[in-house]
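J.: Residue numbers (UniProt numbering), protein chains in the order written: chain W, 1 to 327; chain U, 1 to 274; chain S, 1 to 243; chain X, 1 to 243.
Keep in mind the hints are simulated off the structure, nothing from the lab. Owing to the predicted nature of the structure, the values given are computational and were not obtained by experimental measurement. Among these hints, one or two may not hold up.
What the hints assert, rightly or not - Mimicking DSS-like on lysine-lysine, the simulated pairs with C-alpha atoms at most 27 Å apart in a straight line are: (1) LYS77(S) with LYS36(W); (2) LYS193(S) with LYS30(W); (3) LYS193(S) with LYS32(W); (4) LYS77(S) with LYS164(U); (5) LYS36(W) with LYS164(U); (6) LYS30(W) with LYS137(W); (7) LYS164(U) with LYS30(W); (8) LYS32(W) with LYS8(U).
Claimed, not checked - Interface residues of chain S toward chain X, partial, derived using beta-carbon atoms under 8 Å: (9) SER10; (10) GLY39; (11) ALA69; (12) TYR71; (13) ASP74; (14) THR232.
To be verified - Chain U side only, calculated, beta carbon under 10 Å to chain W, not exhaustive: (15) PRO11; (16) GLN30; (17) GLY69; (18) ILE75; (19) CYS115; (20) ILE116; (21) ILE119; (22) ARG151; (23) GLN157; (24) MET174; (25) GLY217; (26) TYR224; (27) GLY238; (28) HIS252.
For each residue, glycine too, the CB sits at the ideal point set by N, CA and C.
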Amino acid sequence: MHIPDNYLSPATCGTLAVAMVPIWTVAVLKVKVQLKRQRETLPMLGIAASLAFLIMMFNLPIPGGTTAHAVGGTLLAVLIGPWAACLALTVTLALQALLFGDGGILAFGANALNMAVIMPFVGYACYRLGQKWRHPKIGLAVGAYLGINTAALVAGIELGLQPLLAHTASGAPLYCPYGLNIAVPAMLAAHLLVAGWVEMGFTLLVYQFVQKVAPTSLYQTAPRTSQRRWLGLLLGLAILTPLGLLASNTAWGEWGPSELKHLLAQQHLTAQVPQGMAHGLHFQALFSDYAIAGLPVSVGYILSALTAIMIFGLLIRGLQHDTQLKN
Amino acid sequence: MIPNLKTKPLPTWLTVPNHPVKSKRRASMQFLSRNQHHLRHLLQRLAQPAPVQPSSWPLSPQINLLRLGLVLLLIASVHSFVWLWGLALLLGLQLLLLPPRQLRYFIRRWLLSCCIAVIIVLPSYWLAGPATVVFFGVKTSLMLANAQYFRLTTTFQDVLAGLKAWHCPNVLIMTLAIAMIYLRMLGQHLLLTTEALDLRLVAPTRHPYRLIGALFGNLYLKSYAYALELYAAMEARGFNGHYAKPVGTASHWRDYLSLSPVLILMGLLLFGGH
Amino acid sequence: MALLTLNTVSYDYPTTHGLVDLTLTVDAGEFICLMGPNGSGKSTLLRLLSGLTTASHGTYQLAGHAINAAYLADAVKRQQLHQQVGMVFQNTDVQLFNPTVAEEVAFGPQQLGLPAAAVTQRVTDCLALTHSTELRDRVPYQLSGGEKKRVALASVLALNPDILLLDEPLNGLTIAAQQDMLVLLQQLQRAGKTIIMASHNFQQVQSVGQRFLIFNADHQIEADVTQAELATDTTLQAQLMTL
Amino acid sequence: MALLTLNTVSYDYPTTHGLVDLTLTVDAGEFICLMGPNGSGKSTLLRLLSGLTTASHGTYQLAGHAINAAYLADAVKRQQLHQQVGMVFQNTDVQLFNPTVAEEVAFGPQQLGLPAAAVTQRVTDCLALTHSTELRDRVPYQLSGGEKKRVALASVLALNPDILLLDEPLNGLTIAAQQDMLVLLQQLQRAGKTIIMASHNFQQVQSVGQRFLIFNADHQIEADVTQAELATDTTLQAQLMTL
Ligand SMILES: Nc1ncnc2c1ncn2[C@@H]1O[C@H](COP(=O)(O)OP(=O)(O)OP(=O)(O)O)[C@@H](O)[C@H]1O
Ligand SMILES: Nc1ncnc2c1ncn2[C@@H]1O[C@H](COP(=O)(O)OP(=O)(O)OP(=O)(O)O)[C@@H](O)[C@H]1O
Ligand SMILES: [Mg+2]
Ligand SMILES: [Mg+2]
């Protein structure tokens with residue numbers, strides 16, 4: 001589910017990160033209100049974040065001998081409230097990206113949208129519906145399943161749009177090379193068949209345990225206030241996001257609908273890439289012979305020399321003993 | 001000392017040895033030991049944070065964070081080897097300033113993460129031909145190297161300070177701080193609980209999922225109880241949402257100097273290409 | 001004037017009673033031992049005194065302020081309270097959260113904004129007082145049970161609180177370490193601190209405690225005696241020997 | 001034949017030693033007390049004996065099987081080992097994870113595949129033996145410190161293991177409860193169980209322990225004496241009074 005760096009174009013990453021800013025702002029405001037009611041929400045945020053980290057790390061057995069892991073978005077939303085869950089999961093993703101190298105740093109916005117917004121909110125909405133109809137458990141089960149699958153769907157769309165959004169003049173994709181017709185089914189299949197069920201089972205069982213032991217520690221919804229405003233803002237964003245995604249990409253590639261078919265069929269980067277901004281270094285040639293095609297020879301020499309010096313420097317440095325005293 | 005009380009006799013089942021239960025199914029609980037392994041690894045990493053470079057050339061934390069973002073953005077947006085090459089040299093220059101021990105540590109960790117990336121992250125590119133794999137492999141490893149360098153040279157406190165300087169809301173920063181603390185504690189707790197569970201799993205369970213539900217449900221509830229205590233313990237010791245730490249008085253020209261190569265390259269990329 | 005006053009305080013957990021109808025006055029500089037059967041409410045009382053929870057009924061006043069939900073909701077006041085009152089938990093695991101022991105002890109003074117030299121001084125002193133100097137660079141959650149107890153005390157001492165609440169601080173220590181700790185506590189008390197300590201070890205605390213609060217299984221205070229009174233009451237002594 | 005044998009076993013934590021060069025033979029039916037300073041390796045030894053970790057050097061044999069990484073990697077063998085060995089942790093918090101005390105105690109017997117009536121029987125018996133019958137429907141993590149200790153022992157007893165490893169089981173109990181527990185342990189030993197218990201409370205365990213293993217601060221066994229030998233050795237007795 002984590003989208004690593006290099007799969008999404010910088011423009012997409014940027015757009016999604018910018019799109020996340022208002023959501024985070026709303027979340028922070030909402031949580032501050034919640035904090036006034038219950039002071040313990042503050043430590044709970046941090047705890048929920050580390051709990052989510054552990055949940056994502058914990059291997060669950062699945063029939064057939066392999067393992068999968070749950071994400072816990074829906075679960076957290078039900079336990080501490082959807083807005084708090086959004087913040088907690090954001091923090092988890094930040095921890096993973098910044099300190100543990102899990103998931104991309106640039107793709108942070110995209111990951112946050114999928115896992116910290118879509119998953120908890122879809123899940124929580126289903127749970128609330130279920131509660132209304134007096135079957136919270138069914139609502140939760142459906143929510144957990146739908147939540148992770150919706151998130152996977154959106155991730156698939158983000159990935160699948162890349163060949164359309166970012167490609168070279170000749171049509172070779174610059175980032176994720178798979179179009180919607182491959183990325184979306186691939187993401188969905190894995191989640192519909194396996195991960196969704198794992199998530200559902202995990203969520204239900206933990207919920208059951210908590211409900212049995214300490215029903216009061218589940219999140220109690222606040223008395224209804226002006227929810228419409230937030231909803232409107234979010235809906236507006238939801239509509240704006242894909243627009244921005246498309247609009248801001250024009251600088252990187254000229255996208256024509258007519259090219260669509262051709263693009264999706266195109267799986268090979270080799271022939272045309274890299275037609276980068278620095279005027280084409282044909283990197284196949286780089287490895288076949290030492291001449292660096294498409295570059296002034298002098299620049300190539302300089303780069304090579306610098307590189308050699310650098311490698312030696314690093315080697316020497318790496319083999320040295322530490323001379324400075326540790327304090 | 002012990003009065004020889006007239007004690008009730010033990011129940012008979014306690015006085016005869018158990019009939020050993022033979023289990024037929026194997027490997028049903030393997031996932032517990034696998035998770036224990038992961039948890040131990042995590043705890044070890046948390047316990048021995050990467051040795052952080054003594055700041056011989058201190059940058060303000062917010063600039064550090066910005067630099068990382070910009071460099072990664074650059075790497076992600078360029079599509080030629082020459083640019084990557086230049087960026088690699090830039091990183092190499094920084095690496096030269098590292099003490100040897102840390103350099104060795106860096107290289108070990110970097111190679112490891114590259115291997116993992118190549119195995120896990122990149123296979124989808126294999127279909128697209130070897131050249132794509134090489135190109136993206138180089139790109140990814142360069143990104144990983146930069147991220148790794150950041151991790152190696154930045155303390156967690158600095159990340160927090162950087163985020164604060166960029167006006168990240170206090171709630172988020174505090175959550176991050178508490179999450180980091182709790183990760184250690186909950187990780188340790190989960191590890192010990194799985195061990196205790198292991199000791200009492202005398203036969204394969206029919207319901208491993210129910211166990212897992214209990215494990216995490218319990219972890220949540222206990223941590224809920226601990227949350228208040230730990231938070232009070234932190235508050236009791238003067239914690240009020242930010243870590244008081246003497247902030248390094250880095251002069252600004254250093255910050256801008258270290259930022260300049262990235263900015264120049266950025267400018268070149270944006271305006272020079274067309 | 002009394003330092004802290006509890007007036008007909010009760011505390012109810014969702015399923016059981018924690019404290020029932022407790023009235024108590026403590027003066028500054030006292031050394032109080034809480035004793036009683038398991039589950040009688042000692043830890044609950046300490047949690048209440050430290051401001052972790054508030055009474056279900058009754059009032060708690062500390063140095064003239066009523067400590068209630070409204071008081072604790074105010075971050076500034078809460079912090080003032082916490083600087084006055086230091087607590088060592090029964091399960092010290094929840095109390096240690098820094099990456100090294102030295103940082104653990106330094107955390108409080110740093111938060112108080114002391115200069116670096118003073119912080120270092122306090123760390124060194126507190127580790128020496130608790131005989132944990134050699135643990136300085138270890139990771140707190142990887143210590144043995146007794147070592148954790150000592151570090152937890154050091155980290156609370158570093159804040160120099162007026163009131164020390166200790167929940168079974170002797171558990172898991174060797175007898176020699178227990179005696180060292182009691183001597184230290186006695187020194188602290190002589191220096192003017194108020195100490196309230198829960199313990200099941202009457203033999204050890206007998207000589208240092210100046211006042212004994214004895215709980216019964218109904219979560220009430222059954223007896224409240226001074227050291228002098230206790231010395232003459234052999235039946236009570238015999239009872240305490242079993243608690 | 002010896003029940004368990006350790007041969008020049010060492011255990012190293014990443015940063016410190018846990019055990020150094022330990023050689024030990026234990027026969028079935030012994031009652032052994034582990035004593036020693038804080039951080040000397042008692043808990044480490046118990047973790048090793050229970051198969052939670054394996055020795056860094058040296059060999060550990062239990063009932064003729066060498067317990068090493070290969071042995072523990074086999075799920076079936078590990079489960080057999082766990083049927084034989086029961087352990088109460090020093091921090092009992094980590095050991096209790098079921099929604100009620102009754103389910104906590106029933107967990108083990110249920111795993112053994114006993115019929116429901118037998119499981120209920122065991123639960124009732126074990127709770128009675130540890131004087132925790134009235135805690136039956138409580139939530140384990142909401143118990144007081146001493147109550148947790150008793151429930152943890154009950155939950156291990158319900159498995160009827162041959163070897164009981166107890167890490168400071170008396171901590172946090174009232175003196176009366178400590179004596180009850182020791183009487184129970186003595187009964188168990190007379191019924192043929194092997195008991196290995198870490199403790200800092202020499203006064204209490206003096207009369208029940210039949211063999212004393214005394215660790216020193218260097219993680220080695222300094223003395224290994226029987227109750228009879230100890231009775232004549234007053235200097236050792238005096239030393240144990242401080243551990
Ligand atoms: N978090 C909790 N939720 C519900 N009940 C609790 C909780 N903590 C304690 N109790 C109950 O409240 C009562 C008082 O507990 P407390 O921890 O104060 O006892 P204690 O005197 O400290 O006992 P010990 O000597 O065993 O530590 C006990 O009956 C206990 O089971
Ligand atoms: N998880 C761990 N990681 C690293 N070192 C540890 C760990 N646990 C214990 N140690 C260290 O190993 C040594 C032995 O610890 P152990 O817990 O066995 O002591 P102990 O005899 O049980 O002490 P106590 O009486 O305080 O419980 C100590 O120096 C301790 O600090
Ligand atoms: Mg208590
Ligand atoms: Mg121990």
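J.: If a hint holds in the structure, say so; if it doesn't, say that too.
T.: Verification of the supplied hints:
Annotation: proposed proximity of LYS77(S) to LYS36(W) holds, straight-line Cα distance about 16 Å (limit 27 Å). Pair hint LYS193(S) plus LYS30(W) does not hold up; C-alpha atoms about 43 Å apart against a cutoff of 27 Å. In summary, the hint linking LYS193(S) to LYS32(W) is not supported, as the alpha carbons are separated by about 38 Å, beyond the 27 Å threshold. Proximity of LYS77(S) to LYS164(U) is assessed by CA-CA distance (about 25 Å); at most 27 Å being required, the pair is judged to hold.
About 22 Å separates the Cα atoms of LYS36(W) and LYS164(U), which keeps this hinted pair within 27 Å; it holds. Under the criterion of a C-alpha separation no larger than 27 Å, the hint pairing LYS30(W) with LYS137(W) is consistent with the structure, at around 26 Å. Between LYS164(U) and LYS30(W) the alpha-carbon distance is near 20 Å, which keeps this suggested pair within the 27 Å criterion. The straight-line distance between the Cα atoms of LYS32(W) and LYS8(U) is roughly 59 Å, outside the 27 Å bound, and the hint therefore fails.
Residue-level restraint check for SER10(S) is violated (minimum Cβ-Cβ distance to chain X is 17 Å; threshold 8 Å). Taking 8 Å as the C-beta cut-off, the interface hint given for GLY39(S) holds, the closest approach to chain X being about 4 Å. Violation of the interface hint for ALA69(S) is found here, the shortest Cβ-Cβ separation to chain X being roughly 21 Å, above the 8 Å cut-off. For the restraint placing TYR71(S) at the interface with chain X, the shortest Cβ-Cβ distance is roughly 26 Å, beyond the 8 Å limit, so the hint is violated.
The closest approach between the C-beta of ASP74(S) and any C-beta of chain X is roughly 29 Å, which is over the 8 Å cut-off, so the hint fails. Given hint, THR232(S) at the interface with chain X, is violated; its Cβ is 22 Å from that chain's nearest Cβ, farther than 8 Å. Interface restraint check: PRO11(U) against chain W, minimum CB-CB distance 29 Å, threshold 10 Å, status violated. For the restraint placing GLN30(U) at the interface with chain W, the shortest Cβ-Cβ distance is roughly 8 Å, inside the 10 Å limit, so the hint holds.
Hint on GLY69(U) holds. Least Cβ distance to chain W is approximately 7 Å, under the 10 Å limit. With a least beta-carbon distance of about 8 Å to chain W, the hint placing ILE75(U) at the interface is held under the 10 Å criterion. Interface hint status for CYS115(U): violated, as the beta-carbon distance to the closest one in chain W is roughly 12 Å, over 10 Å. Because the closest C-beta pair between ILE116(U) and chain W is about 9 Å apart, less than 10 Å, the hint holds.
With a least beta-carbon distance of about 12 Å to chain W, the hint placing ILE119(U) at the interface is violated under the 10 Å criterion. Interface restraint check: ARG151(U) against chain W, minimum CB-CB distance 6 Å, threshold 10 Å, status holds. For the restraint placing GLN157(U) at the interface with chain W, the shortest Cβ-Cβ distance is roughly 12 Å, beyond the 10 Å limit, so the hint is violated. At a threshold of 10 Å, the smallest CB-CB gap from MET174(U) to chain W is about 7 Å, leaving the interface hint in force.
Interface restraint check for GLY217(U): the shortest CB-CB distance to chain W comes to about 3 Å, inside 10 Å, so the restraint holds. Hint on TYR224(U) holds. Least Cβ distance to chain W is approximately 6 Å, under the 10 Å limit. With a cut of 10 Å, the hint placing GLY238(U) at the interface with chain W is violated, because the nearest CB-to-CB distance is about 16 Å. This hint is violated: HIS252(U) has a C-beta 24 Å from the nearest C-beta of chain W, more than the 10 Å allowed.
Of the numbered hints stated above, those contradicted by the structure are hints 2, 3, 8, 9, 11, 12, 13, 14, 15, 19, 21, 23, 27, 28, listed in ascending order.
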